[in-house]
Amino acid sequence: MKRGTAPNWLTIYAVAYMVFLYAPVVLLPLFAFNDATIIAFPLSGFTTEWFKVLWSTDALHSAVGNSAVVAFVTALVSTFLGACAARASSRYSFPAQKGITGFIMLPLVLPEIIVAVSLIVMLMQLGLSLSLLTVVAGHVLICTPFSIAILSSAFAGLDQSLEEASFDLGESRWGTFRRVTLPLVMPGVISSLLICFTISLDEFIIAFFLTGTDATLPVYIWSQLRFPTKLPSVMALGTILLALSVGLLLLAEWFRRRAVRRQGLDASSSEGLL
Amino acid sequence: MARGLSREDKQGLTLIGLPFGYALIMLAAPLAMVVTFSFWTQNYLDIDRTLTLENYRAVFSQPIYQTLLWRSLRISLIVTVVTVVLAFPIAYYLSFHVKKNKALWLFLITVPFWTSYLLRVFLWKVILGYNGVLNTALLKAGIIEEPLTFILYNANAVVLTLAHAWAPFAILPIFVALEKIDRSLLEAAEDLGDGPFRRFWRVTFPLAIPGVVAATLIVLIPTVGDFITPKLVGGTDGLMVANMIQIQFGKANNAPLGAALAVTSMVVVAIISVGIYLVGRKIGGRVAR
Amino acid sequence: MSTTKPIIELRDVRKSFGAFEALKGINAVINEGEFFSLLGPSGCGKTTLLRMIAGFEPPTAGDISIDGKSMDGIAANARPTNMVFQSYAIFPHLSVADNVGYGLKTKKLPKADIKREVDGALAMVDLVGYGDRGAHELSGGQRQRVALARALVMRPKVILLDEPLSALDKKLRDQMQFELRELQKSLGITFILVTHDQEEALIMSDRIAVMFEGEIAQLATPEELYRRPATQRVASFIGVMNFLEAKLESSSDQGVTLDIAALGNVTLPYQAVPQGMNPAQIAKVGIRPEMLTLLFDPTDKAENEVQAEVVSSDYYGDMTYYSVSLPNQKDPVIISMRNTAGRSIAAPGSPVRVGWGVESVVLFE
Chain S
0 MKRGTAPNWL TIYAVAYMVF LYAPVVLLPL FAFNDATIIA FPLSGFTTEW FKVLWSTDAL
60 HSAVGNSAVV AFVTALVSTF LGACAARASS RYSFPAQKGI TGFIMLPLVL PEIIVAVSLI
120 VMLMQLGLSL SLLTVVAGHV LICTPFSIAI LSSAFAGLDQ SLEEASFDLG ESRWGTFRRV
180 TLPLVMPGVI SSLLICFTIS LDEFIIAFFL TGTDATLPVY IWSQLRFPTK LPSVMALGTI
240 LLALSVGLLL LAEWFRRRAV RRQGLDASSS EGLL
Chain C
0 MARGLSREDK QGLTLIGLPF GYALIMLAAP LAMVVTFSFW TQNYLDIDRT LTLENYRAVF
60 SQPIYQTLLW RSLRISLIVT VVTVVLAFPI AYYLSFHVKK NKALWLFLIT VPFWTSYLLR
120 VFLWKVILGY NGVLNTALLK AGIIEEPLTF ILYNANAVVL TLAHAWAPFA ILPIFVALEK
180 IDRSLLEAAE DLGDGPFRRF WRVTFPLAIP GVVAATLIVL IPTVGDFITP KLVGGTDGLM
240 VANMIQIQFG KANNAPLGAA LAVTSMVVVA IISVGIYLVG RKIGGRVAR
Chain A
0 MSTTKPIIEL RDVRKSFGAF EALKGINAVI NEGEFFSLLG PSGCGKTTLL RMIAGFEPPT
60 AGDISIDGKS MDGIAANARP TNMVFQSYAI FPHLSVADNV GYGLKTKKLP KADIKREVDG
120 ALAMVDLVGY GDRGAHELSG GQRQRVALAR ALVMRPKVIL LDEPLSALDK KLRDQMQFEL
180 RELQKSLGIT FILVTHDQEE ALIMSDRIAV MFEGEIAQLA TPEELYRRPA TQRVASFIGV
240 MNFLEAKLES SSDQGVTLDI AALGNVTLPY QAVPQGMNPA QIAKVGIRPE MLTLLFDPTD
300 KAENEVQAEV VSSDYYGDMT YYSVSLPNQK DPVIISMRNT AGRSIAAPGS PVRVGWGVES
360 VVLFE
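Protein chains in written order, with numbering that gives the first Met the number 0: chain S, 0 to 273; chain C, 0 to 288; chain A, 0 to 364.
Careful, some of the hints might be misleading.
Here are the simulated lysine-lysine pairs, PhoX-like style, with alpha carbons at most 20 angstroms apart [as the list claims (entries may be wrong)]:
#	chain 1	residue 1	chain 2	residue 2
1	C	K230	C	K250
2	S	K97	S	K229
3	S	K97	C	K101
4	A	K114	A	K4
5	A	K106	A	K156
6	S	K229	C	K9
7	A	K283	A	K329
8	C	K179	C	K101
9	S	K229	C	K124
Don't read these hints as lab results, they were simulated from the structure.
Construct the entire structure; sequences and hints are all you get.
This is the structure we're talking about:
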C-alpha cells in the first residue's frame, strides 16, 4: 500500500488553502483592537476605543435596527415559502414540477445585480417608493431557494407513512402536522430561519439598490468605507458581526445535530447546513 | 368526478402556488419589464416608450461597453477556472483523506463566508495595498525592496478576491460529487491494473464531472454581475459591466441603457452557461446522477 | 373466533389511477374475528385495497362498509380500523410508550388511563419494560411489535397489516407468524393481512383472497385454495402443480370420463367438477407433486399406475424432487418423495412406476 506522500502533499495544500480562506477574516479582530487610526501594520497597541465609538454612533444603531427587522421578516417569509415549496416537491407530484421548482430556485444562480435592477425597474414603473419593505421583497426572493434547499432534505427524510400512521390513529390533519410533521422538520425550519436571517443581514447589492432613506447595515458600512477615519470602528463592527454569524451558525448546527441524534441517525453526516 | 387533475396534483399545486406566485410577481414580471425597458429611452426623468434598438446599438458600437463586457467575461472566466482548480484538491482531500470530522472541515470552510462580503473585499485591499500586510511582510523578510504595485487596483486583485469569495461554492458541489463515488469502483480499477494516477483520470475525475460543472456555473454566473469587488480593489482597469449598469441606473440616469447592458450580459452568460453544461454532459454524460 | 357476522363488505370496489385500472370491481365479505389475507404478486392491487379500507385512498366507484356502515366520505382518522405499516412508521421523535399511546392522547384520555392501556398493550406484544426506549434503540422485530401494540391499544374493529413481516429474517418471521396468529385468536379481532408470500398466507389465514391484476381470482380457505384451485394461475401461484393435457371422453351416470394424454382414461364423480364448469370445456388436469408417488418396490400398489422414466432429481434433505417423463407428455412432471431410511435416490434414466389417485385430480378449463 502506498501511504504517506500523496496525502501529505494534499494536507499541506489544504492547510495553505485554509490560511488563504482565513487571511482576511483574521485581520478583522486585529485591527478592531489596534490602537491606530490607519489600517496598516505594524500594530501599535491594544484598545477597545473603536467599540466605544460604535456604542455612540446613532446612524449605526438605526442601521442595525433596520437590518434586524429586514432580516427577521425575510427569514420568516422565506422559510414559510420554502416550506411550502419543499413540502410540495417532496410529497406531491404535479404537472410541470421540475419547471416550477427550477424557476423558484433561479435567483440562486442569477447575478444579484440582475435581481436588484429588475426589481427597481418594476418599482419605478409601478411608481412605488423604496423602503425597507422593498428590501425585504428582494431578500425573500434570494433567500427562498436556500430555504428550499435546507427544508427539502428535511421533508424528503420524512417517511410518508408516519403521517398516515398518525391519521390512522385518529389524529386530525392539523394534529398530525403539529404532533408528527412539525417536530420532525423543526431542526430544518430553525436552520432555515437562521441561515436566511444571516444571508439577509449580510446582503448588500439588493439592499443598496432597493433601500430608501433607511439604510441597512451593509449599506451603512459601504458608506463608511469612504472615510478612512471611520475604518477602525468598521473593523470593530465587522468583528461583532463575525462573532454573531458564527454564533448563529453554530446554533443552527447544534439544532440539526440534536435532532439527528434524537432520530438515531448518523450525526456526523455532512448534509444539513451546507 | 373531474378528471385531468387528480387530488394529488391539486394539493401539490396549491402548496407550490404561493412560492411560485411570489417568484412570478417578484422575478418573472420584473425580468420581463427589464427586457421591455431596454427597448425604451430616457431623457433625464422622462421615459420615452417608443420601441427602439438604440440602447443595443450603443451597447454593441461604443467601445467602452464592448471593453467592459469583454473584460467582465474574461475576468469571470479566469476567476471561475482559478476557483475551481484551487477548490478541486480541497474537495478531493476532504472526500478521500479526511476520515473523521468531515463536518467540522466543511464548517470551517464556510465560516469565513459569513463575514460581511463588503468587509472581506475591503480586507483584501488591506492585505494587497501599497502599505498592506503582504508588502510589509515581504519587505521585512527582505524578499522585495520596494512594495509591489501590480497586486492592487487591477484585474489581478479582482481575480484573487473573487476566487476567495466564491471558494466554498466551488468546493461543496465537487465534494458532493466525489462523496457519491462508490469506493468499490476505485478498488475495481486498481484490481484491473490501474495505478493511482491512471485510476484518478479514468475513474474518479470522470465521475466528478457533474460536480465540476455545477461548481463552474455557480461561480461563473454571479461573478459576472459583481460590482463591489471591481469597485473596491479593481481600480479603473478592473471595472466590470456591473459597475456600468449601476452607474446607468444611478448617476448617469439612463436606466434603459442600463437595462440593455443587463439584458445583454445576461444573454451572453446564459449562452456560455448552456455551452459549459452541454460540454460537461458530453464528457460526463454517461454518468447517471 | 371467526363468526359469520360480516364486519367488512366490499361491493364492486374499483380504483383507477389515470388510465390504469388498479382494482376492477372487488366483491368480498370479511367476517368478524376472521384472519383474512389478501395474497398476490406485487402490483395486483392488494395494498391499494388495504389502503382503501383504511381510508387513505377513496374508491373510484363502489362501496366499502365496515360494521354495517358505509365508509364513503369517512376519513382514515374516523374509521374503526388501525394499520400496521410495512415500514412500521414508528414515530422517531417519540419513545415506545408515546408511540403506543399516540392515538389515546388524541382521544384525550387521562394520563393514568393511557399509561395503563399502554402497559397492557406492551405486555400483549411481549415488550414489558421497553416503554422508555427511543424508537431507534429497537430491533426490526421489536419495531414490528411496537407497531402492532400501537394499533391494538386503539381496540379497533379491524387491524390492517401491510406486509408486516417482509422486513424480518426467516427465523424471526416464522416466530412472528405464530405469535400474530395466536394473538389474533385470543383477541378475536379481525385481521386483514396483505402479503405476497403464499406460505405465510396459508399458515396464518382463515380465508385468503388471491388477487391478480386488480381482481380476486379465488376467495377460499387455505385448504380449499390448495386442493381445489379455481384456475391454473392460482394453482401455480400457491405451491407447485403439474398440468396434463386432457379432454372429455364421455359423460355417464358414474360421472365424467376424461382422456388424459399421459395417464389414460379415467372416470371422475360429478362432485369433482367445479360448479359452473362445463365438462366439455375441460382442457387440463392438475396434480400436486406430493399426490404422485414413485412405486420403488415391486410390491408397492396404487389406485392407478403408469410406466415412466426418471429424468433428474433434486435432493432437499427431507425430500427429493424428481422430474419424471410420462408417456405422451412433453414436459416432465415433478414428483416429491419423502426420503426414507435405506432407500437410495433413483438414477436418471431408470424406469419407474408412477402411482396416482382419482381424488387428487383437479380440473381446469
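Contradicted hints - numbers only:
Checked against the structure, the hints that fail are numbers 2, 3, 4, 6, while the rest are satisfied.
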